[in-house]
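Trainee: Those sequence lines, one after another, are chains A and B.
Per our numbering, residue 638 is the first one in the first sequence, and the count goes up by one each step.
Per our numbering, residue 2 is the first one in the second sequence, and the count goes up by one each step.
Check the hints yourself; a few may be wrong.
Computed Cβ-Cβ distance ranges for the label pairs, DEER-style [what the hints assert, rightly or not]:
hint, chain 1, residue 1, chain 2, residue 2, range
1, A, R932, B, P79, 32 to 42 Å
2, A, F947, B, G33, 37 to 47 Å
3, A, P942, B, T161, 39 to 49 Å
4, B, K90, A, R844, 52 to 62 Å
5, B, G33, A, E1164, 42 to 52 Å
Think of the hints as simulated: they come from the structure by calculation, not from any bench.
Small disclaimer: the values here were computed from a predicted structure and weren't measured.
Beta carbons are placed, not taken as given, at the ideal position from N, Cα and C, and that holds for glycine.
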Amino acid sequence: MTRTLHERMLLSGNEAVALAALRSGVLLGTGYPGTPSTEILEAFAALGGKAQWAPNEKVALEVGLGAAFGGARALVTMKHVGVNVAADVLFTATYTGVSGGLVLISADDPGMASSQNEQDNRNYARAAGVIMLEPADSQQAYDFTGAGFALSEKFGLPVMLRMTTRVCHSKSIVTQSPLPQPQATPNFKRDVPGRVMIPAHARPAHRRLREKLARAAAYAENCPQTIIEKGSKALGVITSGVVIAHAKEVAPDASFFQLGLSYPLPLNAIKEFVASVDRCVVVEEGDPILETELRAAGLNIEAKPEAFRFGELNADRVRRILEHDNSPEAALAAGKPPMLCEGCSHRPVFETLNKLGCIVSGDIGCYTLGVLPPFSAMDSCVCMGASIGVGLGLRHVLPPEQAKRVVSVIGDSTFIHSGLTGLAEMVYNPPPNGHVLMILDNGTTAMTGQQEHPGTGRDLLHHPTGHVRFEEVIHAMGIRHVVTIDPMADAVALENAIIEALDSGQLAVIVARKPCILAAPKIRVYERAAAEKMMATE
Amino acid sequence: MKKVTNVVVAGLGGQGVVKASDILADAAFRAGMDVKKSEIHGMSQRGGSVASDVRFGERVNSPMITRGEADCLLVIAPDQVDVNRHVLKSDGVLVSPDTVANIGKIQAKTVNVALLGVLSTHLDIPVPLWEEAIRANLAEKHHKLNIEAFQRGREAARSTQA
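My request is simple: use the sequences and hints to build the entire structure.
Mentor: This is how it looks when you write it as structure tokens:
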């Protein structure tokens, strides 16, 4: 779907980032699907940008870094926990720096609407030494994305644009303005000391990083992203991200300091602001990062009580912080929890695992819902790919009668993302009684909204591309017992296949393959289009 | 401070909650107002509770509506009324699925838009802008049925109010 672009538009934060990336001359967008970040690359592709799904976030950031080494602007998107996967790249990409602008979107999920933790990725800016921008709404998502590419090139550093669920998925009005354009076109320039991080090169590179950050801090003192609004002298609020909107709601007359560029901190401007008001409160969502850093700088500020470290902030919670209202907060009304769809191909798998009394080491995806009644068939879920490693660990130490019941369950997209190395571990360090891995292959990245991945053989726009075939990979890695089964076809056959694998005492992989019931009609359309195209070219 | 109108649209994943709030936000946008709209996506795809906040007026700050601040609550699933009632102001307007129960046969897929028709009689947004917003947010083949559902919703509201 190609959209008509108008001057004034009602856009989600994700759409605003995509539009700004397009208008900033980004040559490549890459990432891995993850709520709340997923729509950015889809919108970028819909606008005509070159966008692709990577197998995981680490690969995405490597591809983006390579593009930026080559002098191109690149956009890399992921959810907060994805940055953990990409962190290995990030911590040295700040040493190498970049030539073309590299903007990494970290979409955090305070309150955990759809995540396994609520880590605060502002910590990564400090830990890796990366410039951080934090938009509050869609207009800033547009403006700051544009500024991010220019800043990345100005300082020769990757820029992390931290969004949160309420910025990604809220819609607000965006007025399009022209954005800074790339100054060069892609061209390879050899820079061995700058790009090859052997210790002899990395030592001076670390010093260069700190010098760049010092220059960025000086820039932050007076830049368009450091937004100071003078109001009443009685109250000053220092904040970042969407919280500024809540604060203006409840204290419209206050003075505000929005850290649009939240790392490195513009400490002099903050000191001046603190001195200019009678009472200064730091209101931040998540970890007490600004509070700690401003207190370390000797500033006399107030901050939120520990209770507000948990979950999202909203106008009412910001009011409580500002008014020292410590009365108990009303519990959120219990809505209807999500569940596996009627007709979902995961259902019979979890019914069977429950019936057989298996110890199920689970993973991240729709199938995590197998934990809920009536299935109640999952015993752990930690992070992408953990099903295999955790299952193996259990198998190694449990008494044999328990160990023999352990099954690892992983989805198709998650298997590509982080399961391949787990499978190598399974082959290399087999537990005494073997192990059983089930790959629930529903032909799509279902939970995030049916994105493609290397195991589907279709690209982000659903056109045919290279296809990683699971059974061939599993065989090639050394597993002899590989069974493919349609979990919806025959409940008895499914149960027998699992029993046989458990009883074999060997390493076994069962591929339970049936398309997601929501994705199946679309998959048929993609397959028909591909077949017609092939016929036309023959 | 200038008046901001707060509307919460609620229901279950798959009922068109987000689509209805998209249409409402777009209609307010077309009326030249400042608009913010916010909801949680993600696991709601799997049939769970979904609620979307839409705020519009001369200037809107926070994208979220807090407890007791909604002027209107539009609910598509009967069992989600009680779950969401706490957002309504004491004199707020509830648009429940009962409102369109007696308007004759409409397709299940258009109940969300029929309820927008009811809602529209409580808001100051011109009907042509609602219809433009419906067309802009739905594929062309669905335009006719949804415009009809919207009109039926308006008629149902007027007959109850009269």
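Trainee: Hint by hint, note whether the structure agrees.
Mentor: Results of checking the hints against the structure:
no., hint, in the structure
1, R932/A to P79/B: 32 to 42 Å, "violated (51 Å)"
2, F947/A to G33/B: 37 to 47 Å, "holds (39 Å)"
3, P942/A to T161/B: 39 to 49 Å, "holds (47 Å)"
4, K90/B to R844/A: 52 to 62 Å, "holds (59 Å)"
5, G33/B to E1164/A: 42 to 52 Å, "holds (46 Å)"
Comparing the model with each numbered hint stated earlier shows that hint 1 is the single one that does not hold.
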